[in-house]
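There are 2 protein chains.
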Amino acid sequence: MKNNNKINKINNDSNDNNDNAINRLIVIQNHLSPGSIDLARERENPGFDVQKMKWLFNGGKEMFEALEEAYKIIQRDPELYIPGGHPFDMTLKEQRELVMKQILRYQKTRQALKNDPLLCRALELTMCTYSEAFWMRVYVHDTLFCQAFEMFGTKEQYDKWIDDILNWRIIGCFAMTELAHSSFLRGLETTATYDKTTEEFIINSPTLESTKIWIGMAGQTATHTVALCQTIIDNINYGINWFVVPLRDVQTGKPLPGIIVGDLGSKYGRHGLDNGWIQFCHKRVPREYMLMKWSKVTFEGVFIPSPNPALSYITLIGERFYVLYGAQSALGQALTIACRYGCIRRQGVNNEQIMDYQSHYVNLMPGVASVYVINVLYRVIVNQWNQATKLAQTNQSEFLKKINDFHAISSGLKATLTWWGSEVLERVRRSMGGHAYSAYNAIGPAIADWGVTTTGAGDNFVLLQQTVKYLLDTFKNIVIQGEEGKGKKIGSSVVYLNDFQKYMKITQCNLSNENQLYDLDFTLDIFTWLVIHKLNEAQATSSLWNDNQMSLIKLAELHTWRLALYEYNQELKNLSKSNYNNSNINNTNNDNNNNEEYQKLLPIFYKMGQLWSIHLIHTNLHLFLEIDDGGDDSNNYYFNKNQIKMIKNIYLKMCKETRKIVIPLVDAWGFPDFVLKAPFGRYDGDIYAAYFNTIKAAPNCFGVPNYWNDYIKPFTNPY
Amino acid sequence: MKNNNKINKINNDSNDNNDNAINRLIVIQNHLSPGSIDLARERENPGFDVQKMKWLFNGGKEMFEALEEAYKIIQRDPELYIPGGHPFDMTLKEQRELVMKQILRYQKTRQALKNDPLLCRALELTMCTYSEAFWMRVYVHDTLFCQAFEMFGTKEQYDKWIDDILNWRIIGCFAMTELAHSSFLRGLETTATYDKTTEEFIINSPTLESTKIWIGMAGQTATHTVALCQTIIDNINYGINWFVVPLRDVQTGKPLPGIIVGDLGSKYGRHGLDNGWIQFCHKRVPREYMLMKWSKVTFEGVFIPSPNPALSYITLIGERFYVLYGAQSALGQALTIACRYGCIRRQGVNNEQIMDYQSHYVNLMPGVASVYVINVLYRVIVNQWNQATKLAQTNQSEFLKKINDFHAISSGLKATLTWWGSEVLERVRRSMGGHAYSAYNAIGPAIADWGVTTTGAGDNFVLLQQTVKYLLDTFKNIVIQGEEGKGKKIGSSVVYLNDFQKYMKITQCNLSNENQLYDLDFTLDIFTWLVIHKLNEAQATSSLWNDNQMSLIKLAELHTWRLALYEYNQELKNLSKSNYNNSNINNTNNDNNNNEEYQKLLPIFYKMGQLWSIHLIHTNLHLFLEIDDGGDDSNNYYFNKNQIKMIKNIYLKMCKETRKIVIPLVDAWGFPDFVLKAPFGRYDGDIYAAYFNTIKAAPNCFGVPNYWNDYIKPFTNPY
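Protein chains in written order, with UniProt numbering: chain A, 1 to 719; chain B, 1 to 719.
Keep in mind the hints are simulated off the structure, nothing from the lab. Model, not experiment: these values are computed from the prediction. The beta-carbon is built from N, C-alpha and C at its ideal position, and this holds for glycine as well. A few of these clues could be false.
[To be verified] List time: in silico DSBU-like cross-link candidates among lysine-lysine, alpha-carbon distance up to 30 Å:
1) 402/B / 155/B
2) 476/B / 653/A
3) 469/A / 660/B
4) 713/B / 160/A
5) 641/B / 476/A
6) 114/A / 713/B
7) 505/A / 54/B
8) 554/A / 645/A
9) 93/A / 254/A
10) 93/A / 554/B
11) 469/A / 600/B
12) 476/B / 641/A
13) 653/A / 641/A
14) 61/B / 93/B
15) 600/B / 402/B
16) 101/A / 713/B
17) 554/B / 653/A
18) 607/A / 554/B
19) 554/A / 641/B
20) 401/B / 502/B
21) 648/A / 254/B
22) 713/A / 114/B
23) 713/A / 254/B
24) 254/A / 696/B
25) 645/A / 476/B
26) 54/B / 554/A
27) 641/A / 554/B
28) 600/B / 660/B
29) 554/A / 641/A
30) 653/B / 54/B
31) 577/A / 660/A
32) 554/A / 607/B
[Unchecked claim] Here are some, though not all, of the chain A residues that point toward chain B, as calculated from beta-carbon distances under 7 Å:
33) 169
34) 179
35) 389
36) 393
37) 461
My request is simple: use the sequences and hints to build the entire structure.
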């Protein structure tokens with residue numbers, strides 16, 4: 001009831017000054033908390049239409065309204081809603097159970113809503129936003145497992161399995177990593193040995209180190225897995241392929257003979273996800289359980305290789321783009337909480353809002369800007385990927401050409417965004433003082449949940465090396481071998497290498513007025529200069545790969561952030577043109593009425609892009625200064641001291657400017673209070689009472705502890 | 001049994017090559033795991049005496065042997081040892097209970113050992129190293145609560161309470177922070193109103209926001225608290241003072257009338273510590289319950305103020321130095337685990353040890369060096385502080401003069417070290433890939449436990465502002481007002497300001513050969529140049545405090561690290577002289593036989609100091625380049641490009657060099673396996689089997705989950 005009121009309130013946001021004056025009077029009249037008055041004042045002059053931004057940010061008016069409906073469904077349904085409002089007092093066992101309960105209810109709800117696909121999609125998105133562990137568990141089956149059949153299965157295989165998969169009559173997991181092997185897939189030890197006599201593969205874990213581990217849903221849930229194994233025929237190893245392996249009896253849940261499977265137990269975070277491990281003991285599966293879209297094994301045992309070895313990890317390319325949506329959700333929620341708290345919390349001699357301290361807003365505002373950048377980037381990149389995968393059906397060779405580029409992009413984005421995500425979440429935690437150490441303000445659990453993204457699904461260091469290897473190889477082709485401009489098609493992420501010579505000729509930045517730094521083309525140009533010069537350094541030393549690894553990894557990061565700036569910049573240009581309907585961030589075509597209104601939001605997107613660009617330049621300032629052109633004057637620096645001053649100055653200035661509208665900026669993401677779960681993130685600002693109620697509702701808040709007589713009384717009553 | 005064997009093994013470390021050759025043969029003979037062979041090889045040529053380093057690192061041979069005995073006691077005693085070896089499967093409730101069980105057993109054990117004070121002290125240190133939550137809980141009573149009586153109580157008050165405190169007949173906590181007030185103590189709302197008629201103070205929490213919160217041991221344990229309250233007499237507020245307030249009935253554990261107290265519930269970490277909250281409802285205490293060493297209130301209600309307001313937070317100065325010991329323990333344990341794992345884990349085409357990847361050793365080696373620096377620094381600073389506090393008894397005015405300096409030092413060290421600690425722990429986590437996400441490898445819990453140190457006991461941002469304020473004030477006195485060299489005594493941490501003019505005259509670094517960077521005096525000089533120039537920038541703009549807050553905070557960090565380098569450097573000089581017995585890091589005088597042996601370890605300490613120095617310079621490289629001298633040539637940079645190259649080069653080189661002895665370096669800290677708790681940190685290198693055994697021993701590893709029939713079977717058996 002309370003929260004429904006809140007949603008209505010959110011809908012009533014308005015930048016109409018009269019309304020706000022009246023609202024303010026009502027606030028005071030009702031003797032609301034000081035926090036409520038603070039947030040009301042922060043909302044007085046957003047300078048943009050928050051409601052319209054909510055629509056645009058969330059994929060259009062129609063989509064946003066569907067999301068609101070979906071949130072209402074979750075909040076009302078006792079099997080979707082987390083009992084008590086949060087999972088922070090639940091044991092690991094209870095959280096594992098809760099999430100499966102939610103999944104069952106969610107699937108039934110979707111079946112009931114099947115005639116409303118928009119609402120179904122909205123329910124999926126909102127549940128994933130509501131619960132990280134729910135998301136991961138559904139994702140393992142619906143995405144990783146299911147896509148394995150799409151990407152690696154023949155049409156016959158796909159048709160055979162897909163109905164059971166879509167209806168969860170079998171529940172799947174994705175077994176790649178082994179106890180002692182992860183990033184280097186060719187080193188995996190699990191074997192699938194072909195037995196001609198029975199036309200079966202024998203799946204086997206030859207050593208302890210080959211135990212499949214960290215497999216989501218293997219712990220308690222999955223009835224089947226796809227497993228990456230070395231394919232052995234007549235004692236010859238033909239390399240890794242995917243095999244379907246049944247794990248548990250679908251009636252009883254008991255592991256099948258030949259399968260030893262267990263739960264991984266306690267983790268840093270994501271307690272609702274049952275990560276597990278699997279050992280195969282001579283488990284036999286029919287030959288057709290090898291997924292044979294690319295590589296094949298005939299019944300006689302002849303191996304037909306894949307046209308492109310990269311195809312065996314193709315599922316992971318698309319998967320990695322989800323990290324953008326995940327970042328938007330995790331960072332968006334944490335920043336909503338921290339920014340609202342920062343505008344309510346007061347401290348110091350003049351009882352200032354702590355958000356007005358420079359150390360506060362400079363730490364948080366780049367994070368806020370990044371959420372807007374990620375929001376746009378996610379939609380742009382996913383659209384590009386979707387268009388590419390359509391080619392897989394119609395023009396395989398064209399699709400295969402694009403794979404390397406997408407692999408490099410997705411690896412780079414996954415690594416840079418997950419590192420940035422960890423940094424933002426930690427900044428958020430520190431910005432909230434001791435109160436973020438309470439589990440009930442949701443930040444600690446968010447840090448722990450997010451943690452695995454930096455090491456799981458490809459270690460970031462390894463991924464960035466793959467990105468930089470692609471970059472250097474392309475560089476060699478088009479610059480050193482001089483194939484640029486000869487019509488050779490290169491991946492879209494590296495097109496800027498065609499301008500290599502142009503950037504190499506520039507030795508000093510032409511920044512003369514700090515206002516130039518508001519120009520996204522100008523800052524993109526500065527950043528591109530850095531990437532090109534780092535690349536030039538790298539290619540000279542890349543034969544000493546390991547001795548330059550740190551530098552190469554940094555180059556991959558810079559290359560990726562440059563791409564993000566470029567795509568964001570391009571998309572804003574699309575948005576500003578009349579052909580807005582063709583832009584990526586408009587997901588629906590039913591929103592024509594709002595086109596003009598949306599274009600009024602452009603200045604906000606520009607502000608966010610400006611802050612993000614200057615943040616990137618400021619953060620990497622030392623790299624600009626370290627670049628060694630090897631020219632005659634070895635003391636020629638790209639930036640002179642005056643320019644450095646301008647950059648530092650504008651950076652602080654942009655943080656300060658955007659701080660003024662921080663509450664409207666985070667409100668516009670549209671996370672309802674019950675999703676945030678943190679009393680300190682409440683929309684209405686009445687934070688202390690809500691927090692205190694949460695504490696008092698926790699188990700064992702009051703009362704004498706059960707161990708008083710055993711372990712305390714012997715002290716206090718020693719005689 | 002197993003673990004006892006391990007300790008014997010540790011004692012048998014030797015750099016005798018014959019022994020090692022034999023050991024190696026035995027290793028191979030016994031078909032030990034590949035990890036065991038890897039670690040044995042890493043231990044072959046340490047280049048220093050690991051056993052002697054263990055002694056020196058841990059306070060001398062005698063102390064180290066006492067620590068080993070104490071570890072044995074813990075491991076054997078079923079009430080001190082954590083059942084199952086780790087707390088990572090326990091609920092919050094179980095962990096709270098476990099720690100109190102340990103405390104009772106620990107106190108009884110100490111009583112039994114009272115004739116062996118060295119072993120008692122060793123038991124205290126080892127238990128604190130073994131369990132963070134144990135440490136915190138004991139620390140709240142033994143240090144915070146107890147010291148309040150020492151620091152703020154009159155002799156009569158001290159004598160009245162101390163016996164009950166030392167014997168835990170009352171159990172105390174330390175109530176400072178309030179729900180809406182923390183760093184700005186003058187803003188606290190809790191009142192102590194004097195009632196002349198009864199000669200009592202009425203302790204009251206006037207608002208929800210004034211609830212005392214985050215109070216360690218208040219949740220379930222404490223029978224008493226000291227509380228910081230506004231002192232009100234005849235409607236006049238005389239400011240904050242400390243009051244003793246009984247909380248719970250010592251017989252029954254029930255809260256007393258006028259006290260509402262509860263547990264704070266779930267937190268990010270430290271589940272064994274019962275943080276709580278307290279509301280006072282007109283609770284009356286006798287006038288003598290105000291601690292009156294400095295401020296006093298007579299029975300007629302006359303307020304006699306304290307000679308120095310800083311005295312009211314004096315407990316916190318000494319407290320903050322514990323963070324150094326805490327950092328040594330937390331970082332040391334995490335790095336031991338990560339470095340051993342890094343030398344066993346193999347990945348890549350050539351199956352390299354991942355520790356040989358540049359991205360790996362460059363991330364970890366500065367952390368290893370920092371543990372050695374912190375170890376020395378801790379002992380130096382604590383010795384200085386202990387000498388100062390002795391003055392409190394004999395020469396109060398001299399003591400008061402030193403307080404500001406120590407306050408600035410302790411604030412700076414607390415902030416910089418806790419931030420660095422978080423960074424190291426996160427680096428460690430990421431270096432271990434997915435396996436550090438398992439709670440059983442102890443890194444996730446360590447990150448969560450450590451987290452509160454960055455915000456608790458004084459927010460780092462606020463503390464660094466206090467440090468920089470002291471620095472700027474001193475600067476104003478001795479440089480701007482020209483009082484340097486006139487014999488005015490200034491705090492030891494700021495003596496270098498006397499050389500302000502000397503450093504201001506230097507505009508370019510005189511680095512011409514990269515070997516100069518191995519000279520600790522030389523690198524200290526470079527770093528001092530940076531601090532002086534940042535200070536010069538800061539003083540020019542310090543009137544705009546908030547607009548330069550980020551820069552001022554950075555200055556405080558640099559100033560603090562400079563101090564650390566200086567003190568470390570000085571101490572190595574002491575150690576290298578014949579007057580070694582006067583050095584700070586020799587805690588015992590019974591170790592004369594080992595003096596010469598210890599001096600042979602000096603090269604290792606120098607190596608660690610060199611790496612740490614170059615790490616600091618490298619990390620802050622951009623700051624050197626940003627410094628604006630305001631001279632005619634605004635493009636004069638302190639480092640030229642060639643010098644930058646040398647710094648980057650030497651940094652990577654030192655990381656690579658020290659990586660070669662990384663296992664001996666971490667072995668020398670002497671953490672036993674059962675304290676590390678992480679299978680991946682095992683001394684013997686047999687990590688995978690141990691890890692897998694831990695997983696299999698966890699609750700609910702095997703078996704059909706309890707929710708199969710309710711939430712999974714409806715999917716897999718839909719008809």
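A quick look at each hint next to the structure:
no.: 1; hint: 402/B / 155/B; in the structure: 23 Å, holds
no.: 2; hint: 476/B / 653/A; in the structure: 29 Å, holds
no.: 3; hint: 469/A / 660/B; in the structure: 28 Å, holds
no.: 4; hint: 713/B / 160/A; in the structure: 21 Å, holds
no.: 5; hint: 641/B / 476/A; in the structure: 27 Å, holds
no.: 6; hint: 114/A / 713/B; in the structure: 22 Å, holds
no.: 7; hint: 505/A / 54/B; in the structure: 56 Å, violated
no.: 8; hint: 554/A / 645/A; in the structure: 24 Å, holds
no.: 9; hint: 93/A / 254/A; in the structure: 18 Å, holds
no.: 10; hint: 93/A / 554/B; in the structure: 45 Å, violated
no.: 11; hint: 469/A / 600/B; in the structure: 45 Å, violated
no.: 12; hint: 476/B / 641/A; in the structure: 27 Å, holds
no.: 13; hint: 653/A / 641/A; in the structure: 18 Å, holds
no.: 14; hint: 61/B / 93/B; in the structure: 39 Å, violated
no.: 15; hint: 600/B / 402/B; in the structure: 36 Å, violated
no.: 16; hint: 101/A / 713/B; in the structure: 11 Å, holds
no.: 17; hint: 554/B / 653/A; in the structure: 18 Å, holds
no.: 18; hint: 607/A / 554/B; in the structure: 27 Å, holds
no.: 19; hint: 554/A / 641/B; in the structure: 19 Å, holds
no.: 20; hint: 401/B / 502/B; in the structure: 27 Å, holds
no.: 21; hint: 648/A / 254/B; in the structure: 57 Å, violated
no.: 22; hint: 713/A / 114/B; in the structure: 22 Å, holds
no.: 23; hint: 713/A / 254/B; in the structure: 12 Å, holds
no.: 24; hint: 254/A / 696/B; in the structure: 17 Å, holds
no.: 25; hint: 645/A / 476/B; in the structure: 25 Å, holds
no.: 26; hint: 54/B / 554/A; in the structure: 37 Å, violated
no.: 27; hint: 641/A / 554/B; in the structure: 19 Å, holds
no.: 28; hint: 600/B / 660/B; in the structure: 19 Å, holds
no.: 29; hint: 554/A / 641/A; in the structure: 24 Å, holds
no.: 30; hint: 653/B / 54/B; in the structure: 26 Å, holds
no.: 31; hint: 577/A / 660/A; in the structure: 28 Å, holds
no.: 32; hint: 554/A / 607/B; in the structure: 27 Å, holds
no.: 33; hint: 169; in the structure: 6 Å, holds
no.: 34; hint: 179; in the structure: 6 Å, holds
no.: 35; hint: 389; in the structure: 28 Å, violated
no.: 36; hint: 393; in the structure: 30 Å, violated
no.: 37; hint: 461; in the structure: 5 Å, holds
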